[in-house]
Amino acid sequence: MADPTEDGASVDRPLAVALRAFDPELRRRAVAELTDVAVETVPLLMQALADEDWRVRKEAVSAVVAAPPIPELVTALIGALEPGDNVGLRNAAVDALAALGLESIRELSAAMVHLDADGRKLAVDALARTGRAEALVVLRGVLDDGDANVRMAAIEGTSAIGVACADKAIELLDGCLSRAEPVERLAALAGLNRLGAQLAWEQLEPLLGDRDLTEEVWTALGKSGDVRALAPLAESLDAAMGGRRHVVVGALGDLLWGADEALAARGRELLGRVSGEAVREVACLVASAEPLALRRAALVVLGVTGTGLGTRTLVDALLDDSLCADAEAWLNLSDPTVRDELIQRLASGDPRERAIAVEVLGRRLTTPAQDAVAAVQRALDDEDEGVRIAALAALTRIGGPASLERVAALLDPSQPSSLRPDAEAALAALAQRHPEQALEVFARGLPPAAGAVIIASCPLTATGSREGDRAYLVLLLSDQAAYHRRVALDALARLPAPGSLDAIVFALSDEELDVRQAAVRALGRLAEGAAAPVAVSRLLELAQPDAEAELCTLALAALAKVRDPRALPALRAAARAPRAAIAVAAVEALPTLADPRRLDPLVEALSHPEPEVAKAALHGLASQRDARARAHIGACLDHEAWDVRRLAADLIAQDGDPATMDLLRSKLGSETEPLVREALTRALESNEQVGGVRRTRPPPGPGPGR
Amino acid sequence: MSSARSLGPRARLRSDEFRLLRDLVNDHAGLTFDESALYVFERRLAERVAQLDLRGFDEYYKFLRFNVRGLAELEEAIDAITTKETYFFRQDYQLRAFCDEVVPRIAQAQKDSRRLTVWSAGCSSGEEAYTLAILLLEHPLLAGFDIKVIGSDLSRSSIAFARRGVYRESSFRTTPEELRRRYFEADGTGHRVVDSVRRLCHFGNLNLLDGQRAAVVGRVDAVFCRNVLIYFDVRSRRKVIDNLHQRLLPGGFLLLGHSESLINVTTAFELVHLREDLVYRKPALGAQT
Ligand SMILES: C[S@@+](CC[C@H](N)C(=O)[O-])C[C@H]1O[C@@H](n2cnc3c(N)ncnc32)[C@H](O)[C@@H]1O
Chain A
2 MADPTEDGAS VDRPLAVALR AFDPELRRRA VAELTDVAVE TVPLLMQALA DEDWRVRKEA
62 VSAVVAAPPI PELVTALIGA LEPGDNVGLR NAAVDALAAL GLESIRELSA AMVHLDADGR
122 KLAVDALART GRAEALVVLR GVLDDGDANV RMAAIEGTSA IGVACADKAI ELLDGCLSRA
182 EPVERLAALA GLNRLGAQLA WEQLEPLLGD RDLTEEVWTA LGKSGDVRAL APLAESLDAA
242 MGGRRHVVVG ALGDLLWGAD EALAARGREL LGRVSGEAVR EVACLVASAE PLALRRAALV
302 VLGVTGTGLG TRTLVDALLD DSLCADAEAW LNLSDPTVRD ELIQRLASGD PRERAIAVEV
362 LGRRLTTPAQ DAVAAVQRAL DDEDEGVRIA ALAALTRIGG PASLERVAAL LDPSQPSSLR
422 PDAEAALAAL AQRHPEQALE VFARGLPPAA GAVIIASCPL TATGSREGDR AYLVLLLSDQ
482 AAYHRRVALD ALARLPAPGS LDAIVFALSD EELDVRQAAV RALGRLAEGA AAPVAVSRLL
542 ELAQPDAEAE LCTLALAALA KVRDPRALPA LRAAARAPRA AIAVAAVEAL PTLADPRRLD
602 PLVEALSHPE PEVAKAALHG LASQRDARAR AHIGACLDHE AWDVRRLAAD LIAQDGDPAT
662 MDLLRSKLGS ETEPLVREAL TRALESNEQV GGVRRTRPPP GPGPGR
Chain S
4 MSSARSLGPR ARLRSDEFRL LRDLVNDHAG LTFDESALYV FERRLAERVA QLDLRGFDEY
64 YKFLRFNVRG LAELEEAIDA ITTKETYFFR QDYQLRAFCD EVVPRIAQAQ KDSRRLTVWS
124 AGCSSGEEAY TLAILLLEHP LLAGFDIKVI GSDLSRSSIA FARRGVYRES SFRTTPEELR
184 RRYFEADGTG HRVVDSVRRL CHFGNLNLLD GQRAAVVGRV DAVFCRNVLI YFDVRSRRKV
244 IDNLHQRLLP GGFLLLGHSE SLINVTTAFE LVHLREDLVY RKPALGAQT
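Protein chains in written order, with the working numbering: chain A, 2 to 707; chain S, 4 to 292.
The set of hints was computed from the structure by calculation and includes no laboratory data. Hints are not guaranteed to be accurate.
[Said to hold, decoys possible] From chain S, some residues computed to sit far from chain A (all C-beta separations above 10 Å):
(1) Glu188
(2) Ala189
(3) His205
(4) Gly221
(5) Val268
[To be verified] Here are the computed distance ranges between Cβ atoms for each label pair:
(6) A:Leu514 <-> S:Gly214: 38 to 44 Å
(7) S:Ala75 <-> A:Pro369: 56 to 62 Å
(8) S:Asn267 <-> A:Ser415: 51 to 57 Å
(9) A:Pro417 <-> S:Asp103: 24 to 30 Å
(10) A:Asp341 <-> S:Ser199: 53 to 59 Å
Beta carbons: idealized from backbone N, C-alpha and C, even for Gly.
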């Protein structure tokens, strides 16, 4: 190549001189200082790209990328791919062409015709590294190139670009699976696997004997989702050793992860037969393999083997935060040995282990198994409160008639109050499921609170008549234990008998706050039902801004749920209350109101002097998904309180309405509070990310039939 | 630290502080106190001052007025200084008059609904309410009636005590032996009201000055408000009586303590002369002018 510095007046003299400097750092700096690249500077840039020092070449690539589009530059870069012995220049040219992206793709395509094999390979590399879907069209033409190296580069390039446009790339790679060259088949299949392609069994079956492809075929079988893929994988699990076995485990995990029941059943059948040695190794993988995905896969495989070791490992994994979800999903509780293993853990010395065993029994048991239910019921006597609470939650789902009396006994005032909420819930569920037996237990005599819960939840009348049930509860309302009065109110509220109103109203005068609150909640329920107008009147009185705050807030929440024209004005007045607690409660209740005019008081609340009220109103408006509400949220970017402004920005970000982005950008120009600026930036960024990576298949969820 | 302070000398109440506290109490509960009550205030409230770790009564006054827990503390204070003296079957002549001459009238008025509600307003620890329940339960004219006795008081602790329904000997000073045997059973160190009586009684925490809250009582046939108004100033008495008037059904009765009357309070009630007592009555519908 001619010395560009001899080329007369058009050349950048100082750069030309500097590029001849002995010190590479001086040469690099000269390139770095080159600000406006033009046609005239192209020869000098090319000279820099050909520099013997890599730092100068790197700087020159950056200069190319920063330059405005200059066709001569692209031509010169492609020229560098012609035969020659400056390897540094050729690599730098590939880097630069890749970085130019779209600008270089068409030129590269045209150059394919005259470049030699080495040049074509370099061009393919550059195309692949543009990462652009447009390059795929060019690569397709080269997949059948006469030169093996070019073909390989094209296959690899296709799978690399495929991340951005999977469907197209998968189609191209698919076509390469029948190549004569084993390395090409391998590269194509590896690419397909990398792109998460789901290949049909019919496509994979012929490849099973292909020794060059073995591991990639296993991986592909794992992604196939086909039940027929199980047999070859199960067989390989026994035969493969070491790292190859890990690949099989990963593939089996992939296949079984989101499996339906048929696939899972077949898996149990086939994997139940693998050797003890293989099972032991898989168990080791669960304990300590890297990465986590391999541990999870091993866990799934082990769960499906149904062996004793498999069951024990799964149960152990319940204690491991990163594996517990998969472990639980794969425990097959219809298998008595699995239940036994869990039941045995109830005798463990570690309360967490006992609690988890109880929880899992409660959550996963689908058919009532006497052994398990009895074991859970025994856990009600556990010394650890966490275990007792877990047992109650479990009985809520799986408890049978035999649990009724035992759970009811926990509602005796002598029992610890911390168990009551769970015991009430469990008893209610039991009485709903076993009404006849609940009545028998009721008739035999029960702690009063248990009676109230049964009355409230059992579909049959407990005392024989609705009036009798009501009388039982009204009597309990005068009980000396505040807890009994509270439970009675909750129960009365659930009775359809409207005659309870007076009793509930009188309970508003109870000396215990807890009971008064229950009375307000009960009124709320009545207000939604039979005794609506009168109950609403009571709620309106309680919702006065000068009323007892704890009751007022509850009354406001209850009013929001009733269909009564008086609710809106009451909530509106409370939203203006100077006491922030009241105003916030009203504002939080407003969005649930059925009245379409609810928007006005929400907007009004944005000007409440207390920022917390304005913030509650913002949340409320955001939940409305309404153009007018959006406009008001936008206006809050100018609110005087910085935390209101910040919340407005956050809510706008969540809403993701592109129309508001300009507004955010303009506010970013004037906002001074750093925390608000941060929120504005976050909002803008999150909006730009919408429409990112596209997936061909949804990521697998754990467990069969999920 | 707080224990060190509470072990120190009792806080002293200056007379200006006393007046401030007294007005606060009056404003909230209607109770009135003359200067002689200063020592009662000092003795009973010094403990609260110590418990709250306050330096003196000036701080206590500020606490009552401006602290978020101020209102709750004011009720504690009032609880500490009020007279709550009461016992079963108090003022037996009045109770006889009620049974012999008032109940028959109510029973007649309610012969269709067969419901009867009596309110013991300012019931303290509940003896009055239970007394009324026993009498109504015993009353031959009320067989088959749905009887309800409501007991209310400003003091939360008194209401909680009333709900328990277990009493010491001093509550029985004028209880007929026969009734005591039938309606009470031994319970630990005391005597417990039997369930058939308890079942009729409903207790609640109400300030008689707060008419709106008092509405939870509903409408009643008779009110016993005995030995409550004597502690009130005239203005508060008027307010309380007005509230009671609103709760009474037309033709309903108001029974006051033996030294209490509505003179100078209101003319909204008519005076009814019974054989053994004087009672007040809300004019029946149509009888009002
Ligand atoms: C001396 S006791 C009377 C008890 C019963 N009525 C009797 O005659 O035996 C007076 C009661 O009135 C209550 N009291 C005082 N001010 C009150 C108010 N503003 N509202 C309700 N009760 C009040 C006191 O707490 C006290 O328990």
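- Query: Out of the numbered hints, which ones does the structure contradict?
  - Reply: Failing hints, ascending: 3, 4, 6, 7, 9.
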